[in-house]
Amino acid sequence: MIKNYLTVAIRNLMRHKLYTSINVLGLAIGLACGILILLYIQQEISIDRDHALGDRIYKVIREERSSTQTTYDEGTSGALGPVLEETFPEVETTVRIWRWGVSAKYGDHKNLYTLALVDDNFLDVFDFPLIKGDLETVFRLPYSAVITDDMAQHLFGDTDPMGQTISIENRNFPGEYTVTGIVKAPHLLSDLQFHLLTTTIPSVEETQETWTMWRPTQSWRPVKTFLLLKAGQTTETLQAKMQPLITQYMGDEVAAKNTYYLQPLHRF
Numbered sequence: 001m002i003k004n005y006l007t008v009a010i011r012n013l014m015r016h017k018l019y020t021s022i023n024v025l026g027l028a029i030g031l032a033c034g035i036l037i038l039l040y041i042q043q044e045i046s047i048d049r050d051h052a053l054g055d056r057i058y059k060v061i062r063e064e065r066s067s068t069q070t071t072y073d074e075g076t077s078g079a080l081g082p083v084l085e086e087t088f089p090e091v092e093t094t095v096r097i098w099r100w101g102v103s104a105k106y107g108d109h110k111n112l113y114t115l116a117l118v119d120d121n122f123l124d125v126f127d128f129p130l131i132k133g134d135l136e137t138v139f140r141l142p143y144s145a146v147i148t149d150d151m152a153q154h155l156f157g158d159t160d161p162m163g164q165t166i167s168i169e170n171r172n173f174p175g176e177y178t179v180t181g182i183v184k185a186p187h188l189l190s191d192l193q194f195h196l197l198t199t200t201i202p203s204v205e206e207t208q209e210t211w212t213m214w215r216p217t218q219s220w221r222p223v224k225t226f227l228l229l230k231a232g233q234t235t236e237t238l239q240a241k242m243q244p245l246i247t248q249y250m251g252d253e254v255a256a257k258n259t260y261y262l263q264p265l266h267r268f
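Using my numbering, the first residue of the sequence shown is number 1, and each one after it goes up by one.
To be clear, the hints were calculated from the coordinates, so they are not data collected in a lab.
Keep in mind that the hints are not guaranteed to be accurate.
Ranges between beta-carbon positions, derived for each pair [to be verified]:
no., residue 1, residue 2, range
1, 137, 74, 40 to 50 Å
2, 137, 107, 20 to 30 Å
3, 252, 90, 17 to 27 Å
4, 252, 159, 51 to 61 Å
5, 190, 86, 27 to 37 Å
6, 65, 248, 18 to 28 Å
7, 72, 162, 48 to 58 Å
8, 159, 66, 44 to 54 Å
9, 235, 82, 16 to 26 Å
10, 159, 72, 18 to 28 Å
Cut-off 30 Å, straight-line C-alpha distance, at most; resulting in silico cross-link-like pairs (DSSO-like, lysine-lysine) [said to hold, decoys possible]:
no., residue 1, residue 2
11, 184, 105
12, 110, 132
13, 59, 184
14, 184, 132
15, 132, 257
16, 105, 132
17, 59, 257
No residue lacks a Cβ here, since even glycine has one placed at the ideal position from N, Cα and C.
Build out the structure end to end from the sequences listed, making use of the hints.
Structure, rendered in structure tokens:
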């Protein structure tokens, strides 16, 4: 019986070759698209999920409204993180990150990299395992730098980077930085891209103000703010309690147009 069905089906397919080709091609394209979509979803789900505390980490998103549109921005005032930690008992700690493209030089080697100014608990909250260095001391001294393994290979080659000095030429983060640690580079699609981590705030007025102040009249806010909730806490009430901070520190006019939201690091 099955053999007869197959014979009839094959004869029909051979009799209508054009339609058969179109159907087979359509099926192949559909299967290929489905597989690509599944691979994309799998990749998106896996990004930034290797952080042990990830289910308690949230990023502050700022909604800004105007008469014509509503936009969402990851940038916040530099002062927000410390105030969240001091004000709300639900928050275990906060971490700020400010990324900036810089020119880094070692000997005759020079290239562009992403420097990230972070709080000194960055490597405690996010899991970027140290390949070299001591977690307790990597940020102890001013102008300490923790670099990624790919930057180490690219800039230093066969030379051991530990203890070496990198010259940074940049208006916001100038200086001589000493390599105190090496970490594995972030995933290419990670939300936490960097080549060099430092906790040192250079003596540049704009850099210090951006990192430490609210600056309500400034539209440029490049600092990302992450918070780690205490175990067992949820974001529902905390998110609502964050809005008065805008009024308190930035004024009624800014508060009327801005709202803070908390986006989980694990968004799926």
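Here is how each hint holds up against the structure:
At roughly 30 Å, the beta carbons of residue 137 and residue 74 sit outside the given window of 40 to 50 Å. At roughly 26 Å, the beta carbons of residue 137 and residue 107 sit within the given window of 20 to 30 Å. For the pair residue 252 and residue 90, the supplied restraint of 17 to 27 Å holds, since their beta-carbon distance comes to about 26 Å. Checked against the given bound of 51 to 61 Å, the beta carbons of residue 252 and residue 159, roughly 56 Å apart, stay inside it.
Range check, residue 190 to residue 86: Cβ separation about 29 Å, and the 27 to 37 Å hint holds. Residue 65 and residue 248 have their C-beta atoms about 19 Å apart, which keeps the hinted 18 to 28 Å range intact. The given range of 48 to 58 Å is broken by residue 72 and residue 162, whose C-beta atoms sit roughly 41 Å from each other. A hinted range of 44 to 54 Å for the beta carbons of residue 159 and residue 66 is consistent with their spacing of about 52 Å.
A hinted range of 16 to 26 Å holds for the C-beta pair residue 235 and residue 82, which are about 19 Å apart. For residue 159 and residue 72, the Cβ-Cβ distance of about 43 Å falls outside the hinted range of 18 to 28 Å, so the restraint is violated. Straight-line distance between C-alpha atoms of residue 184 and residue 105 comes to about 21 Å, which keeps the hinted pair within the 30 Å bound. Between residue 110 and residue 132 the alpha-carbon distance is near 22 Å, which keeps this suggested pair within the 30 Å criterion.
With a C-alpha separation of about 22 Å, the suggested pair residue 59 and residue 184 falls inside the 30 Å cut-off, and the hint holds. For the hint pairing residue 184 with residue 132, the CA-to-CA distance comes to about 10 Å; that is within 30 Å, so the pair holds. For the suggested pair residue 132 and residue 257, the alpha carbons sit about 46 Å apart, so the restraint of at most 30 Å is broken. With a CA separation close to 21 Å, the supplied pair residue 105 and residue 132 stays within the 30 Å bound.
Proposed proximity of residue 59 and residue 257 is supported: the alpha carbons are some 20 Å apart, at most 30 Å.
When each numbered hint is compared with the structure, violations occur for hints 1, 7, 10 and 15.
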